[in-house]
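Enquirer: In case you want the letters, here they are:
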Amino acid sequence: DQQVKQNSPSLSVQEGRISILNCDYTNSMFDYFLWYKKYPAEGPTFLISISSIKDKNEDGRFTVFLNKSAKHLSLHIVPSQPGDSAVYFCAAKSFNTGNQFYFGTGTSLTVIP
Amino acid sequence: SQTIHQWPATLVQPVGSPLSLECTVEGTSNPNLYWYRQAAGRGLQLLFYSVGIGQISSEVPQNLSASRPQDRQFILSSKKLLLSDSGFYLCAWSVRRDHYGYTFGSGTRLTVV
Chain A
42 DQQVKQNSPS LSVQEGRISI LNCDYTNSMF DYFLWYKKYP AEGPTFLISI
92 SSIKDKNEDG RFTVFLNKSA KHLSLHIVPS QPGDSAVYFC AAKSFNTGNQ
142 FYFGTGTSLT VIP
Chain B
111 SQTIHQWPAT LVQPVGSPLS LECTVEGTSN PNLYWYRQAA GRGLQLLFYS
161 VGIGQISSEV PQNLSASRPQ DRQFILSSKK LLLSDSGFYL CAWSVRRDHY
211 GYTFGSGTRL TVV
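Keeping their order, the protein sequence lines are chains A and B. Positions 42 to 154 (this note's numbering) are the ones given, in order, by the first sequence. Positions 111 to 223 (this note's numbering) are the ones given, in order, by the second sequence.
Mixed in with the good hints there might be a few duds.
Stated by the list, open to error - Cβ pair distances, simulated, as ranges:
1. GLU132/B with ASP96/A: 38 to 44 angstroms
2. LYS190/B with ALA82/A: 25 to 31 angstroms
3. THR67/A with PRO124/B: 36 to 42 angstroms
4. GLU83/A with GLN183/B: 18 to 24 angstroms
5. PRO120/A with SER168/B: 42 to 48 angstroms
6. HIS117/A with LEU121/B: 33 to 39 angstroms
7. SER177/B with ARG102/A: 39 to 45 angstroms
8. GLU132/B with SER149/A: 35 to 41 angstroms
9. VAL170/B with THR86/A: 21 to 27 angstroms
10. PRO50/A with LEU121/B: 23 to 29 angstroms
11. HIS117/A with GLU132/B: 35 to 41 angstroms
12. LEU52/A with SER216/B: 36 to 42 angstroms
13. LYS46/A with LEU121/B: 26 to 32 angstroms
14. PRO123/A with ARG219/B: 22 to 28 angstroms
Since the hints were made in silico from the structure, they are not lab data. Computed from a prediction, not measured in an experiment: that's the story for all the values here. All C-beta atoms, glycine included, are put in the ideal place defined by N, C-alpha and C.
Make a model of the complete structure from these sequences and hints.
Expert: As structure tokens, then:
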């Protein structure tokens with residue numbers, strides 16, 4: 042059962058515009074969320090996180106929004122750059138899963154120069 | 111600083127052959143260790159995790175196994191590979207109760223032919 046879902050497998054955005062990547066989850070007990078970025082043939086790297094006590098976290102060009110009532114998470118990248126082209130995974134955990142994160146299926150972002 | 115090493119980077123194995131992938135972590139003690147697989151067109155699937163030496167939890171029934179002979183060493187094995195075992199295998203570690211998720215290794219691309 043996929044508890045974390047990324048329904049858009051791919052996204053193309055023009056350089057300089059906003060990229061919005063979406064993530065939905067089913068487990069209302071999830072209390073911590075992460076976004077990872079993955080280049081081909083490399084391991085994912087941590088990008089940004091948000092706790093369920095917040096609804097927004099910002100780090101430079103990256104902002105994560107959390108809508109708990111909708112069980113929806115989104116990552117905004119502004120402005121998008123060609124180097125942002127990668128696969129983005131969202132991940133979530135709850136206090137009763139210890140440190141075990143559940144990952145989405147990923148969205149492949151292509152930023153067109 | 112902490113580092114994670116995973117090898118080999120790529121591997122081509124015939125069906126029915128054995129498999130051994132190794133992962134080691136440096137610069138930390140008592141890490142949680144994980145094996146993930148990213149199959150073509152799919153997200154990150156947790157295969158095994160370990161909270162200590164000799165302690166292995168399996169998430170998905172399969173013909174793979176994992177072992178943790180030392181605190182910072184995690185091994186993924188198979189006695190007989192199947193075509194469906196092809197994928198990108200990722201080792202990861204985390205500090206227990208750490209909110210910053212996992213640090214991933216660089217991955218192993220396994221192709222079973």
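Enquirer: Next step is simple, just say for each hint if it's right about the structure.
Expert: Verification of the supplied hints:
1. GLU132/B with ASP96/A: 38 to 44 angstroms: Holds, since GLU132/B and ASP96/A (Cβ atoms, about 42 angstroms apart) stay within the stated range.
2. LYS190/B with ALA82/A: 25 to 31 angstroms: Because 26 angstroms falls inside the window, the suggested range holds.
3. THR67/A with PRO124/B: 36 to 42 angstroms: holds, 40 angstroms
4. GLU83/A with GLN183/B: 18 to 24 angstroms: holds, 22 angstroms
5. PRO120/A with SER168/B: 42 to 48 angstroms: holds, 44 angstroms
6. HIS117/A with LEU121/B: 33 to 39 angstroms: Given about 38 angstroms between the Cβ atoms, the range holds.
7. SER177/B with ARG102/A: 39 to 45 angstroms: This hint holds: roughly 42 angstroms between Cβ atoms.
8. GLU132/B with SER149/A: 35 to 41 angstroms: violated, 29 angstroms
9. VAL170/B with THR86/A: 21 to 27 angstroms: holds, 24 angstroms
10. PRO50/A with LEU121/B: 23 to 29 angstroms: The hint (23 to 29 angstroms, Cβ to Cβ) holds, given that PRO50/A and LEU121/B are roughly 26 angstroms apart.
11. HIS117/A with GLU132/B: 35 to 41 angstroms: holds, 39 angstroms
12. LEU52/A with SER216/B: 36 to 42 angstroms: Distance hint for LEU52/A, SER216/B is violated at roughly 25 angstroms.
13. LYS46/A with LEU121/B: 26 to 32 angstroms: holds, 31 angstroms
14. PRO123/A with ARG219/B: 22 to 28 angstroms: Given about 24 angstroms between the Cβ atoms, the range holds.
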